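S.K.: Take these sequences, add in the hints, and give me the full structure.
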Amino acid sequence: AGGGAAGGDVASGACDPADVTLVGQVRNESNPYEASWLDGGDAFAEQVGLTQERLTYDGDSTRQQEQISQLLAGDTECLVMNILPNGDSDTPPIVEGAEAAGAYLVTQWNKPADLNVADYDSWLSHITYDGVESGRQIGDALAEAIGGSGGIVALQGILDTGAAKDRFAGLEESLAGNPDVELLDDQTANFSRAEALEVTKTLLTKHGDDIKGIWAANDDMALGALEALQQAGRDDVAVVGIDAVPDALTAIEEGTMTATVSSDGPWQGGIGLAIGYCVATGELAVEDIAADDRAWFAEQFLIQQDNVADFVSPETSEADFACDNLFSRSQGAIS
Amino acid sequence: MTTNLQTGPVPGGRTAPPALEVRGLVKHYPGVKALDGVDLVVHQNEVLGLAGENGAGKSTLLKALVGLVRPDAGEIWVRGERVRLRSVVDAANHGLGMVFQEQSLVPNLTAAENIVLGSEGPGVRRGIYHWRTMRRLAQEQLDKIGSHIDPLARTDSLSFADRQMVEIAKVLRIEERTSHPPVIILDEPTSVLESKEIETLFTQVRRLREFASVVFVSHRLDEVLDVCDRVAVLRGGRSVGEVPAAGAAPAELHRMMIGSTGSDDHYHDGLAERSEEPGRPRLVVRGLSGRTFRDVDLEVRAGEIVGIVGVHGSGREDLCRALFGAEATTAGEVQLDGERLDLSGTRAACAAGIGYVPAERKTEGMVGPMSVADNMTLTKQQARCSGPLVRPRKQATLVDTWIERLSIRTPHRGTAIQRLSGGNQQKVVLARWLVSGDVRLLLLDHPTRGLDIGARSEVYRLMRELAGSGVATVLLADSLEEAIGMSDRIVVMSDGRATTEIAAPSGGKPTPLDLVKEMV
Amino acid sequence: MSTPVLAQPASDAPVVARPTVGQRLTSFMPVIALVVLLAALTVVDPGFFTLSSLTAAVRTAAPLVVLAAGATVVVLCGGIDLSIAALCSLATVFFALWLPDLGGLTTLAIVAVAGAIGALQGVAHVLLRIPSFIVTLGGMSIFSAIALVISDAGPIPVSDRGTTHWLTLYVAGVLPMAFVVALVVVAVVSLVLRLTPVGSWVRAIGYSESAARLAGSPVDLVKVGAFTLSGACAGLAAVMLVSRNFSGSPTMADNLLLPAVAAIVVGGTAITGGHGSLWRSLAGALVVTLLRVGLPIVGVPSAYEQILYGAIIVAAVALTLDRSKVLIIK
Amino acid sequence: MTSPAEADTEVVQARRPQPRRGVSLRDAGPPIALVVVFGVFAALSPGFRTLSNVQNVLDAAAVLAVVTIGISFVLMMGSIDLSAPGIMGASAITVALLVANNRNDNDLGFVGIAVAVLLAAGLGCLSGLALVLLKVPSFMATLGVSAVGLGLATLLFAGVQPNIADPMLEGWAVERFLGLAHLTWIALGCVLLGWLVQRYSRLGRYAFAIGGAEEVLALSGVRVAPYKVAVFTLAGAFYGLAGVMVTSQLSAGLVQAGRGYDFSAITAAVVGGTLLTGGRGGILHSTVGVLLVTVLTNGLVQVGVSPYWQGGVQGLIVVAAVAAAVIPQRRRNQVTK
Ligand SMILES: Nc1ncnc2c1ncn2[C@@H]1O[C@H](COP(=O)(O)OP(=O)(O)OP(=O)(O)O)[C@@H](O)[C@H]1O
Ligand SMILES: Nc1ncnc2c1ncn2[C@@H]1O[C@H](COP(=O)(O)OP(=O)(O)OP(=O)(O)O)[C@@H](O)[C@H]1O
Ligand SMILES: O[C@@H]1[C@@H](O)[C@H](O)OC[C@H]1O
Ligand SMILES: [Mg+2]
Ligand SMILES: [Mg+2]
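Residue numbers (the numbering used here), protein chains in the order written: chain A, 1 to 335; chain B, 1 to 520; chain C, 1 to 330; chain D, 1 to 337.
Heads up, a few of these hints could be off.
Covered stretches of chain C (chain D as the covering partner; in silico rule of three or more C-beta atoms under 8 Å from a C-beta of chain D) [claimed, not checked]:
(1) 26-32
(2) 120-131
(3) 147-154
(4) 236-242
(5) 305-319
What the hints contain is simulated information worked out from the structure, not anything from laboratory work.
Here the structure is a predicted model, which means the values were calculated and not measured.
Every residue, glycine too, gets a C-beta built ideally from N, C-alpha and C.
M.R.: If you want it as structure tokens, here you go:
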């Protein structure tokens, strides 16, 4: 039918490297993390002598679907897509569309737990960071920073995303292990710096000096919280976040922020294309990808003042994207 | 009696050039030739009346004189000099200003701002308001016409008459723009005024004549003859002649307007001729109270026309609206043909067989961009449907019948109603209640506002015909004469209460003075 | 009849006012805008004008067409419905939650319930006399909150795909069923408006609500009806989205609000009410969809894409709005 | 005639009482709603009624207030404006790149701020021009301009977050005077300025008049088009300043600096009693609306309403507040759009 002309005969490709089309799709180019992702994709494309088609959908789920169906209605024979689905629910239709059209697909971050990558031929891999783990790690770092006891508040991400939920679950684990740390309040600031600023100000007046620490589900919100603290004249509150965006690293260097967890945008932008490219050109066969590498957690690090220097300029080397080295950052299959 | 246009006597005996002269003005609209070579002369310090049927082209001519309508051909001369008027400002600079047929003030501004709007002069310096100066400028204008309103009152809080004064005060601002005496154009200024307000207005018009020329339009020909020095008549977009006001009779003017010898007495003819006696009580109102009326009792019999008279604020308009379900009531009961009437909304009122013609035609009576046909069948949809479906042919036949019966002048039934002249619009609005023939009670709020004599007598005839067929009518008349002439009985309202009832059978009519005594 | 004799002028004028060529042209403007846009995209990227690509585009457009169609009637009445997208999201959640119990009846139930919710807003609007902008803005946040809570802030997968499978089929192999359904909605509502008195009530209310009321038109009823239809369409669009995404999610359609309103306005319907039609919204929705998917696919970079999008929708409205029908443009 | 000045005082004094001049009862709804909502939260939450929280509410209202002042002029004309997100984004990035920052060597200080506000005014002007020249309804014109603004912002952003290092701009958010942040004083200044413009400038009064009866202005020989363009330009300038304020608060220029401000500003204005049909309300009305919305947002957090429900509860209260405010004005044949 109109949706898919090519049909699902993908197992491994025989595309001329020059015929491969590389597509990277993220929410927008107006936040540093996702912009760096697309830049990483460009770097990889250049490495193999191609260019990446950069797509953004402005955090709009329907628009993401629309773009992908339009993309899949074109020539899909040697199409490689590295996609950041807007939310868990956006992944299945993308996967089904790619499967029907026979386009090579790698997804990152969001996937419903019950959707199994191995059930598909074109969906090569799903990569994410372990949100529960990161939420717990920064939770523990926060607990330690406030001396193991005291009140904290949590800034949640967009409530209906897996990342937000997993990370908060991680915080709850951490709280269980730190019984003297009390969660005074949790609010959402939708992963946004501006909203975090307002919410934090209000929480600061609500709980006053009881607040010893702020747990934020990403660095953008942590940075907003830092501004609020500065404006309130408070320098005794520890702040943690996730993503390792440059500003957060600077803040950690300067000692105003306690910890973050690395998510490596440039690498994410390159690796998805690399996996697709290797399969499309026949250098890697889908059957040869280990079951554990179909859906995996990528390596992440807790970054604090002592090790921040190592992360200030994240580097992705060409070797990271070599067809025989694609899964080197795997921390194991998604449980 | 008809005098030559070019050589009319110049008041004062001097042979100065006329204040304003129009030669061969032509204006076409799609399907209509609104002006077809009009000639007109306005002398200095005279009040010139302009008469003509609805759609004769009066408003179009006047709009051309203030730069709002660009004529297709013809010339306009001001004080002996040929001018091209491109905008209101242009016209004002030549000393021409107009008070429009529909009131045109900005309701949410102060009276002072409205008066100086567009020509604030020293009232606004470098874009900054100087309220004291504004107030002074406005006060000067108000003083000229002897009005006592507060210049800083919001316009929408003023009475109708006061707003009309503001309009006149505003138009007089054009004096500041020219060193010459201005020409002030008044397009049907009296159609929305009560008789007392009209008197005030006429006093002002006579004062204006001292230093300005005035062009005055009204469908009340006695009024025209009363206040004007000379009357020019338009017919079908052409000048058909003029008469000096002194000694002329309305009938004579009317003959010129319609181009034939019509009946003489449009106000009164046929008034007495209704044969049937009014029937049983149809509308019975007991102790009805609302926002602006209290404890009103009223009875209207089938076939009876009851006029309600009262000044602005007497509550009669709201009473009518309440009977139609368009205004909330707080107490009382209403019965129609012995059954309790549901006052909860207009829909229920329509279903019960009540019809209502509001006074504000433009905003409440008609849906401007919709066609004549759709406006006419808006209420009685079933008249153009079979089952739930609209039958265009059925509608066309029905509408064309009524266009013909009421002599509605429109290029086509599909023409947007806003393109019709005011009088013809009014006929369409009236026709809305007649198309299905199932109306039992008609509430008419100024049904003849803005209608020419012919159309008016047509409406009168219709009302009588309807009464003859048993329809009960409540009439808020345009003038006391109309109320007296048309009604079988007159109820006087003042301060929200129905105070007096006066019988007005044919042959035993009260005089206007009798009513005025009761009204105040 | 003793009416005054008519003077000559009107008689030599043409009796029937036929629409001029210009007037006819303005009513086709939305389609012209669509064709021009398609041509432009094809010039930039010849690969864009293929059957499969067009098929994908109309399939994509279907939920937007349905959303815009419903809201068009509200706009024709002079109001606005800002809740459609949030209600649509909520309806996707309902769908996913109810499907296991209701099975094949779910679609009907969703359309009915969404219609009822729309009606509720209509009733609040007409009874409390709150501007529709505010009622539906409030509705928008309330529906979002409910959706978030009942879904436990996450997508709910739909495992039984049989119920919505028919929407993913193709008529004659090329015409997506979802789009056919959208066309049917547009056609049916248009016919009801044209063939019954409802059409003139709607226009009268939109042009002049008080005149309509004083002519005894069922103003409140028609408005509530318009909001009901708008809600029901949001429900139907939700079913389409679920059939496409295999899940319901509390924010799934949220971003369709502005595109839907844009579709209505780009079609040339007057945002002030009275003038316009569902066919115009259909063309408008296709224009908006082409812009949303077409610009990035033909390779316009993200930042320029937004700039172009802004410029083109403004230009499209400049083209499609019939100014002889809308005198004062606010 | 006597000296006009004398004459008019006399006449005016003599008949002041009846016609409506100033505020009337129908304007009292929103302030009453504000007091009620404030009272309820104060009763429910001890944290809410502290002085520092009141300061916090005022600080939090600053940006919304500036945006709402801008939009109020547009709403007064009966038009609508959805361009705030785009214009604020463009101005936020622009100012961040022009004052001392981590992306380039610019250090224009105040001039940088002025340029950002001018750029914003230019974008606003574009909306106005589309409205009067192309006759595109403001709803669409401003939606288009918002997209253009976001596009420009994204172009300038170029993938790397510009952080500001300008002490003055950073100080605006941090330093306080009489307990309020400088930004809050700036917002108060804007309220005063807006009110003066509305009351004493031709632009303000004409905007009000355009909402009241646009066609009458034309009949009076006023060319309304330039005033419309000027109002959109003025609104754009206010959005631009708001974008600068957000940048000061966050110490960084964000493309999303204006996200959501379009609808929240319209909500605030309407809650304050400005009608979307134009011709009513104004700056002071809108300011009350801003306070009401901000108190709500703050209060719901203070009393501990679940984040899941906050939006819904806020929507409900806004509808209820507007409903309560319109009750005294309800008429049978009233038109509500
Ligand atoms: N804007 C317009 N478009 C089309 N036709 C118009 C327009 N304005 C006026 N006409 C037509 O021109 C003719 C003259 O109208 P005009 O308003 O000048 O009449 P009038 O003498 O003022 O009538 P009335 O006494 O009812 O006010 C009418 O047939 C009217 O339908
Ligand atoms: N003496 C004065 N000095 C300054 N301004 C004045 C003065 N008199 C009147 N005004 C202006 O006239 C206005 C009165 O009309 P306005 O429409 O603004 O009243 P309002 O009560 O604000 O109406 P709304 O209820 O529509 O808000 C005042 O708000 C003010 O702008
Ligand atoms: O900050 C990121 C956020 O924008 C995205 O939604 O999820 C992953 C986060 O790290
Ligand atoms: Mg006229
Ligand atoms: Mg005011």
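S.K.: If a hint holds in the structure, say so; if it doesn't, say that too.
M.R.: Now for the hints, and whether the structure bears them out:
1. 26-32: Check failed, 0 qualifying residues.
2. 120-131: holds (count 7)
3. 147-154: holds (count 3)
4. 236-242: violated (count 0)
5. 305-319: holds (count 12)
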